[in-house]
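Undergrad: Here the protein sequences come in this chain order: A and B. Letter by letter, the first sequence follows residues 1 to 325 of my numbering. Letter by letter, the second sequence follows residues 1 to 298 of my numbering.
Any given hint could be a false lead.
Under the rule of at most 35 angstroms between Cα atoms (straight-line distance), these lysine-lysine pairs were calculated in the DSBU-like manner [what the hints assert, rightly or not]:
1) B/Lys-50 / A/Lys-118
2) A/Lys-208 / A/Lys-218
3) A/Lys-218 / A/Lys-118
4) B/Lys-192 / A/Lys-218
5) B/Lys-21 / A/Lys-152
6) A/Lys-320 / B/Lys-23
7) A/Lys-208 / B/Lys-21
8) B/Lys-192 / A/Lys-320
9) A/Lys-290 / B/Lys-235
10) B/Lys-50 / A/Lys-289
11) A/Lys-118 / B/Lys-21
12) B/Lys-21 / A/Lys-320
13) A/Lys-218 / B/Lys-23
14) A/Lys-320 / A/Lys-218
15) A/Lys-208 / A/Lys-68
16) A/Lys-320 / A/Lys-118
17) A/Lys-208 / B/Lys-23
18) A/Lys-218 / A/Lys-152
19) A/Lys-118 / B/Lys-23
20) B/Lys-50 / A/Lys-152
21) A/Lys-68 / A/Lys-290
22) A/Lys-208 / A/Lys-320
23) B/Lys-235 / B/Lys-50
24) A/Lys-289 / A/Lys-68
A short, non-exhaustive set of chain B residues, derived as facing chain A with CB atoms under 8 angstroms [as the list claims (entries may be wrong)]:
25) Lys-21
26) Leu-123
27) Gly-129
By construction, these hints were calculated from the structure, which means they are not laboratory data. Nothing here was measured: the structure is a model prediction, and the numbers come from that model. Even glycine gets a Cβ: it sits at the ideal position worked out from N, Cα and C.
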Amino acid sequence: MSVTTTSHTPTLQERLRGKGGHADRSFRGVVYVSGFVVLAVLALIALTMFDKSRAALSHMGLDFFTSKRWNPPGEQYGVLSYIWGTVYTSVIALVLAVPVSLGIAIYITQVAPNWLRKVMTYVIDLLAVVPSVVFGLWGILVFAPHVLGFYKWLSRTFDGWPVLGNIFGPNPQGRTFFTAGIILAIMIIPIIVSISREVMETTPQTEKEAALGLGATKWEMITGAVLPHSRGGLVGAVMLGLGRAMGETIAVALVIGSATGQITLNALTSGNSMPAVITAEWGEADTLKKSALIAMAMTLFVMTIVVNMTATAVVNRSQKRMGVR
Amino acid sequence: MSTVLTAADLRGSRRTWRVIKSKLMIGLTLLSFIVVLIPLVTVIGTVIAKGAGIVFRDFPAWFTTDIPVRTRAEGPGMGPAIIGTIVITAAASALAIPIGILAAVYLNEYGRNSRTARTVRFLSNVMSGVPSIVMGLFIYVVYTLRFGLSGFAGSIALACLMLPVVIRSSEEMLRLVPNHLREASFALGTRKSRTILSVVLPSALPGIVSGSLLAVARAAGETAPLLFTIGIVTKGNWDVFSGPNTALSAQIFRNASAVQAGPQERGWGAALTLVAIAFLFTVLARLATSLYQRRQAR
Chain A
1 MSVTTTSHTP
11 TLQERLRGKG
21 GHADRSFRGV
31 VYVSGFVVLA
41 VLALIALTMF
51 DKSRAALSHM
61 GLDFFTSKRW
71 NPPGEQYGVL
81 SYIWGTVYTS
91 VIALVLAVPV
101 SLGIAIYITQ
111 VAPNWLRKVM
121 TYVIDLLAVV
131 PSVVFGLWGI
141 LVFAPHVLGF
151 YKWLSRTFDG
161 WPVLGNIFGP
171 NPQGRTFFTA
181 GIILAIMIIP
191 IIVSISREVM
201 ETTPQTEKEA
211 ALGLGATKWE
221 MITGAVLPHS
231 RGGLVGAVML
241 GLGRAMGETI
251 AVALVIGSAT
261 GQITLNALTS
271 GNSMPAVITA
281 EWGEADTLKK
291 SALIAMAMTL
301 FVMTIVVNMT
311 ATAVVNRSQK
321 RMGVR
Chain B
1 MSTVLTAADL
11 RGSRRTWRVI
21 KSKLMIGLTL
31 LSFIVVLIPL
41 VTVIGTVIAK
51 GAGIVFRDFP
61 AWFTTDIPVR
71 TRAEGPGMGP
81 AIIGTIVITA
91 AASALAIPIG
101 ILAAVYLNEY
111 GRNSRTARTV
121 RFLSNVMSGV
131 PSIVMGLFIY
141 VVYTLRFGLS
151 GFAGSIALAC
161 LMLPVVIRSS
171 EEMLRLVPNH
181 LREASFALGT
191 RKSRTILSVV
201 LPSALPGIVS
211 GSLLAVARAA
221 GETAPLLFTI
231 GIVTKGNWDV
241 FSGPNTALSA
251 QIFRNASAVQ
261 AGPQERGWGA
271 ALTLVAIAFL
281 FTVLARLATS
291 LYQRRQAR
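In isolation and in its complexed conformation, chain B is listed as follows (with noise of 0.2 angstroms):
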């Protein structure tokens, strides 16, 4: 830590020594971060390589067969799973993007400071801390012990996860929208609600945009939710509410522990094809920043 430093460490030898150890440190910082490339290039190495051969393989079938329905089975088929993520997570956005960005318009413009204000967005952090596996757990208690096994239950399970990051990105970016804005529109004797709507929201737009993006392609990936509310098929099922579903995070979970190359082949490609749509809507997300920020500079 820092020490009193006397007129001798400034000269000489021991400025020598002090200088090599701040190059040794920083060294040491870059270093660190060389550890981080590793498992992480690994990670999407392997992924890659191992399932690239089964997504490419007679080129469609990946994305269009059914499941094998003996697990040990080997070759394609990913659809169902591939149809699942699609319609959980879109179903879980269609639920907590709007509430995420309304409940983040009344932190900013409504209850600002207030205490009530300051409980919800304490409480928000909170709830970003909750384990997917709790979420999941509650969602089977209050929905699927009721309504039974579907991909909505599971779509509930990941709003609970997405709210908390909506509500943090888009509460971020209603700040970043300058007041003179909201001054102007004021001034013109524009209602609050249309002030909102028609200049806060759209300034802020790309900004939430990408954060809800990011808050998609953390969702789609999630697995423990789903284990206890969605079940397991290994036909297509289109309709969110109702039937079980089945997902690729779920897949992946399912053919991790298997001991067979078959089922740890498609494990590999499902878990290409998941990271593939979590890359793509972070890349997504990317664009809209790059946008904003442009936006900004104009």
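In isolation and in its complexed conformation, chain A is listed as follows (with noise of 0.2 angstroms):
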């Protein structure tokens, strides 16, 4: 066979490449510009926040965060009480969310026959489908005036207990720190589920079968083979619960009741959270005070993010580990 090209061997490779040298290089600019969109949006948030929250922050110096004497009138911004409220509701949606989650989970991939888990799995699903405002406005106007009798039994039942005893405190209200965990607790189920799932699908069937083979019962090779083989994960997955809880505004800014100065375990008694209060407050503020609700909403952002590094750091690493991905 000869080589009958010879003479055109350049043009065999245009040929084979065709036209178009011009479109791959645009093609991958443009790729390459929107790929770049993710870290411009980031750096201008931090930009952006950390400029308009100077004025607020230079006003009250560390006292903006020490001090929960927020007074706008009388220009005190101290958003104490709010970062206790943020960290509060968020706390007692993880301890009423995580176990049920972990159940769900277990469950779904443990447990259900396959035609159960699809279901399952779907309903899960449909609760991440339903806004958050849809989940606020149940809680304002159904759930709040019903589940009070609930707390005044819960108070009387925990009178002079230690500690609980102190969380579910006297003379409860409808819209409190606790109405809002538990809100934020519906919310937060679906992705804690959805994270735990992945990682828990991932225990190899031979160390289940191990166990199983050693005479475990279901539940011990549950805990002796499934947890300890995706405890990384699983602890991702309720870090991202809570960073998700952090950021809850609306519902919470519906039922947590908009109290202002409450640094209290009672968890029966009204609040206020950061991300509710700069929905309440932002229409009559003034330029300060916007520097400050700004400023708040700077603090919020670096308490998720570094939340959520954390979180998917360590989602991260135990997927490497497991050799997923």
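Now that you have both chains on their own, put them together as the hints suggest.
TA: Structure, rendered in structure tokens:
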């Protein structure tokens, strides 16, 4: 066989490649730019937030974080009680949501037959589809008024107990830290379930069979093989839930009761959280107050970013260890 | 936690107790699912029970008439909010979906495991955790302060929230495209851009569509980023780029803190409409997924 295209060698490559080296390069450019949009947006958020919050931060100094006096007419802006509200409601949400979510994830991945697994996954995903403002509407108009009786019972029952007596304090109200925590718990269950499910599914079949073969019951197989294997991922899942709960705004704003200066363990009393305050007070704010609210948003931003970065790193590391991706 | 089992554990009453305990704990895990069903069923049930009345009264009135100017007034009218939700979400999708898909193409087809790509991937995960209210304030500062209230300001904020979701789901779908398709295309001498546009993306398309529709469903329900950016109106505004607008979620929020029956009922009606829209997009997403799986199976 003879080489027939010797005089056309350069065009062979050209023919194979076709026209459009230019298109290739510009496509590549577009794709790279899109990839960097994320970087640009995050950097812009950090820059603008920092810039706009400077006025309030220099006005208040460290008191911004350590004082609980929030008195806009007197130009006093201390956010400590709102930081407490955000942290406390999120912790309540986690305490309620984590056992339930892990239970669901265990049932879906280890117990349920195939058809039920699908149905349950759909149902939990459905929960994620309901917008948070709808949970807020339900919370303020239906849940908060009806739950008061239960709160009164809690308060009476645990009266005088150590710790629990403080948490379920006297004179309960309908819109409280606890109400916000319950609504948040409902809202973060889907994300914790879906990540825990993914993590638990990666438990090698051999390890589970080994446990059963050694005479373990199904539950012992779960606690002895599945949970230790997925511990890292589960921690990450819980932390992602925490991040979600801390940033949730609308539902909390409607049901937390909007009370200033509340730093108390009593979960059955009204309080406020950072996102809820921003939502409620933005409308009539002057320049300095707007700056204070933006500084509050930046505080929230930093808190959620730290939680999410840690969570992402934990999940990634555990996935790498398990050989996923 | 796991304990060391002795021979005695495997026989007789100890064994029976362990089996009972196992059944009990597994029963509890099933119970936790039922516990979660309660709020889900109650919320959706209440929304339908309290919202259906006003939505279907004088049938198209709810969808076509303006929102009553007097907040306390009774009766339907949510047309402007439906228009707002549609145009704002549509504009947000038009921004976020193309950029998100292209960013996913960068991550999976170009960047791969390079340091930059890993950083972008990590930051995109971080971005998905940015609270929606922070996004709203951010857009207020960089856009609304300069150009005034408009639906589009809300769209940008929603787009920022959708972007990481679209990137993540699209990248996962691109990763599932078998490498031999790419290699076959390269072997034919096709350029990389051509390969991606006519081989890789089409075969991942149903999955990408599914992920994007889920992102749209989430975005349509967002409230916090809209509060500072779109303002409020009672008459319909189809022009997303200029003039204040309104949205279903914003109307629900406003009516939720009202004490009179009229606005409360409108809040429930708006909630039913919004939930219906979100469900519609979720169902469409499921359809796309099953289409994808059928194609994979073939």
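Undergrad: Each of the hints needs a verdict: does it hold here or not?
TA: Outcome of the hint check:
1. With a C-alpha separation of about 30 angstroms, the suggested pairing of B/Lys-50 with A/Lys-118 holds against the 35 angstroms cut-off.
2. About 9 angstroms separates the Cα atoms of A/Lys-208 and A/Lys-218, which keeps this hinted pair within 35 angstroms; it holds.
3. A C-alpha spacing of about 21 angstroms is found between A/Lys-218 and A/Lys-118, which places the hinted pair at or below 35 angstroms, so the restraint holds.
4. For the hint linking B/Lys-192 to A/Lys-218, the alpha-carbon distance of about 51 angstroms lies beyond 35 angstroms, and the restraint is violated.
5. Between B/Lys-21 and A/Lys-152 the alpha-carbon distance is near 34 angstroms, which keeps this suggested pair within the 35 angstroms criterion.
6. Between A/Lys-320 and B/Lys-23 the alpha-carbon distance is near 33 angstroms, which keeps this suggested pair within the 35 angstroms criterion.
7. Among the hinted pairs, A/Lys-208 with B/Lys-21 is consistent with the structure: their alpha-carbon atoms are about 18 angstroms apart, no more than 35 angstroms.
8. The straight-line distance between the Cα atoms of B/Lys-192 and A/Lys-320 is roughly 29 angstroms, inside the 35 angstroms bound, and the hint therefore holds.
9. Our distance criterion of 35 angstroms between C-alpha atoms is met by A/Lys-290 and B/Lys-235, whose separation comes to about 29 angstroms.
10. Proposed proximity of B/Lys-50 and A/Lys-289 is contradicted: the alpha carbons are some 38 angstroms apart, above 35 angstroms.
11. As the CA atoms of A/Lys-118 and B/Lys-21 are separated by approximately 27 angstroms, the hinted pair is consistent with the 35 angstroms bound.
12. As the CA atoms of B/Lys-21 and A/Lys-320 are separated by approximately 34 angstroms, the hinted pair is consistent with the 35 angstroms bound.
13. Of the pairs offered as hints, the one joining A/Lys-218 and B/Lys-23 holds, with about 8 angstroms between alpha carbons and a cut-off of 35 angstroms not exceeded.
14. Only pairs whose Cα atoms come within 35 angstroms are accepted, and A/Lys-320 paired with A/Lys-218 is accepted, the gap being roughly 27 angstroms.
15. With a C-alpha separation of about 52 angstroms, the suggested pairing of A/Lys-208 with A/Lys-68 is violated against the 35 angstroms cut-off.
16. The suggested pairing of A/Lys-320 with A/Lys-118 holds, with an alpha-carbon distance near 27 angstroms, which does not exceed 35 angstroms.
17. Taking the CA atoms of A/Lys-208 and B/Lys-23, the gap is near 17 angstroms; set against the 35 angstroms cutoff, the hint holds.
18. Of the supplied pair hints, the one linking A/Lys-218 and A/Lys-152 is violated, its CA atoms being roughly 40 angstroms apart against a limit of 35 angstroms.
19. Taking the CA atoms of A/Lys-118 and B/Lys-23, the gap is near 22 angstroms; set against the 35 angstroms cutoff, the hint holds.
20. At most 35 angstroms may separate the alpha-carbon atoms for a hinted pair to count; B/Lys-50 and A/Lys-152 meet this at roughly 27 angstroms.
21. Distance restraint check for A/Lys-68 and A/Lys-290: the Cα-Cα separation of roughly 18 angstroms lies within the 35 angstroms cut-off, and the hinted pair is therefore satisfied.
22. A threshold of 35 angstroms between alpha carbons decides the hint, and for A/Lys-208 with A/Lys-320 the separation of about 20 angstroms falls inside it, so the pair holds.
23. Straight-line distance between C-alpha atoms of B/Lys-235 and B/Lys-50 comes to about 24 angstroms, which keeps the hinted pair within the 35 angstroms bound.
24. Between A/Lys-289 and A/Lys-68 the CA atoms are separated by roughly 15 angstroms; this keeps the pair inside 35 angstroms, and the hint holds.
25. Using the Cβ-Cβ criterion of 8 angstroms, the hint placing B/Lys-21 at the interface with chain A is satisfied: the shortest such distance is roughly 6 angstroms.
26. Among the interface hints, the one on B/Leu-123 holds; its C-beta lies about 5 angstroms from the nearest C-beta in chain A, closer than the 8 angstroms criterion.
27. The criterion of a C-beta within 8 angstroms of any C-beta in chain A is met by B/Gly-129, whose closest approach is roughly 3 angstroms, and the hint holds.
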